[in-house]
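Given chain A's structure and the hints, the job is docking chain B onto it.
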Amino acid sequence: MKDAILDTPAIELRGIRKTFKLSEEKNAKTVLALDGVDLSFRKGEFTTIIGPSGCGKTTLLRIIASLALPDEGEVLVDGQVVTEPGIRRAMVFQNFGLFPWKTVIDNVLFPLAVRNFPADEAREKAMRHIKQVGLEKFVDAYPHQLSGGMQQRVGLARALSTGADILLMDEPFGAIDAQTRELMQEELMRICQEEKKTVIFITHDLDEAVMLADRVLLMSRGPGKVRELIPVDLPRPRFGYDIRAHKSFIEVRGHLWHELRNDLIEQNEQERS
Amino acid sequence: MRTRSKKEIRRDQIVGVAVFLTVWEISAWFVGSKLVLPSVSQIAVAFWDLLISGELILALSESISLLIVGLAISTVIGFILGALVARSRTAYWMLNPYFSALFATPTIALVPLVLVWFGFGFPGRVIVVILAAVVPIMFSVASGLRDDPKDLVDVARSFGVKGELALLFRVRVRAALPVLMAGLRLAAGRGVVGMAVAETYLRLGGIGGLIKSYGSMFQTDYVFAAILPLSLLGITLVSLIGRLERRFQWS
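Chains as they are written, first to last, in our numbering: chain A, 345 to 617; chain B, 99 to 349.
I should point out that these hints are in silico values taken from the structure, not numbers from a laboratory. Incorrect hints may have been included.
As the list claims (entries may be wrong) - Under the rule of at most 35 Å between Cα atoms (straight-line distance), these lysine-lysine pairs were calculated in the DSBU-like manner: (1) Lys104/B with Lys540/A; (2) Lys248/B with Lys469/A; (3) Lys260/B with Lys540/A; (4) Lys481/A with Lys132/B; (5) Lys446/A with Lys104/B; (6) Lys260/B with Lys370/A; (7) Lys370/A with Lys104/B; (8) Lys481/A with Lys310/B; (9) Lys446/A with Lys248/B; (10) Lys105/B with Lys446/A; (11) Lys248/B with Lys365/A; (12) Lys481/A with Lys248/B; (13) Lys469/A with Lys104/B; (14) Lys370/A with Lys446/A; (15) Lys105/B with Lys475/A; (16) Lys481/A with Lys569/A; (17) Lys446/A with Lys132/B; (18) Lys104/B with Lys387/A; (19) Lys248/B with Lys475/A; (20) Lys365/A with Lys310/B; (21) Lys373/A with Lys248/B; (22) Lys260/B with Lys373/A.
Claimed, not checked - Cβ pair distances, simulated, as ranges: (23) Leu342/B with Asp484/A: 31 to 37 Å; (24) Leu608/A with Ala189/B: 42 to 48 Å; (25) Gly340/B with Glu418/A: 49 to 55 Å; (26) Ser491/A with Ser337/B: 34 to 40 Å; (27) Lys248/B with Glu468/A: 56 to 62 Å.
Glycine included, every Cβ here is placed at the ideal spot set by N, Cα and C.
Excised from the complex, chain A in its bound form (with noise of 0.2 Å):
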């Protein structure tokens, strides 16, 4: 019994399709964004998800997130359906998605404010988390007075505020400088493991898939599919040491290029055809 539940996934989702409009007109053309996903995901599993633009992955996350709704299929949260978002998922975004009238406790506090939490104990969860981050001495300053890195930082305190253990993250980093990213994922990858966080990631980019990832998904472009899933079998922790170079680290990243390629290519014949 103890094992039925320990073996329930964090997320699991069941023959998800999603269909767009390409225009308001009634009898507009649609586009098919995800045909028939099937994917479950553990608990403390670390997912990144890579692909080529329009391959439906940020349609996916969303879907995960509950902020769409799928044509058929659903989203199962610990075995529970989920048609709403909820406190167990915290979503972190690429364009940091701070309230650029609230300054950096209270957009940490917000989602703590919206589910009413006592105004004392959502304090200090929201001030530790912002010393997790680093930003303590930011707490009254407005994002504008931020760098990217910082305003991501926010945007990670406030999703860990809300206590959620699933992460959907999409491509947090993408909006970030070289250095500053490095450090971040290192920072990401402590606080996913000292808290046990099931973690979906999506990034485009290739190193950081792999570094980061358990395993990785690899969707195709049109329509929505999941190409492969790669499992990545390197030792934790991997920050302190230069993991570009392990052997797993480059076959992984090797095949995934390789695989990327192909399907841009497939799809430009296919245009042309």
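Here is chain B on its own, set in the frame of chain A:
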């Protein structure tokens, strides 16, 4: 040009006022007619007289209450219609032409209709202020809410904000607030004009009535003494809203 410090700006303003008043005083002395151009000192005496007789305070309180009631109702109506126009294409194409027409029509041209329909009492006057002020509010609400902050709405939804109304007030209105305040500032300026029109063309009352009645008695010094608080009222209101506006900006 080098940016000026607050102290320097203050000094410039004081010098400007001093020069202006001196030129006025000298001109009045040359004109030599209290009817055409009363001197600064004569206006000051008239102002003092209006103040201690209580006439000014009474008129001012009448005007301010008219203005506040008018602007408050304008804000409510402007907000509802603006939100409607911003969120519905149908409402936009149905209502927008009328508002553009109302915006272009001088309020004073509508006074005879207001008189017939609503009388010359307080309700009629409030209607005139609303006709003057409602359109800028409605336009600013419409344009502020039309730029939908999609990303931030997603953020709010993902962290548990539910329902269109909650999203409207927690995200959309807050994001549009700088634009809304600019609209309110414009509306306040037009509202003061509407107020003066209502007070002089419906039935005499308030500051507008004071100006009109002293004008018809050719007491030009008293006319000036009454115009002064009217301008001050407008300036104070607009700068108050401007200050509020800056508080709601974030960059």
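TODO: Of all the hints given earlier, name the ones this structure violates by number, lowest first.
DONE: Violated hints: 1, 4, 7, 8, 13, 14, 15, 16, 17, 18, 20, 23 and 27; rest satisfied.
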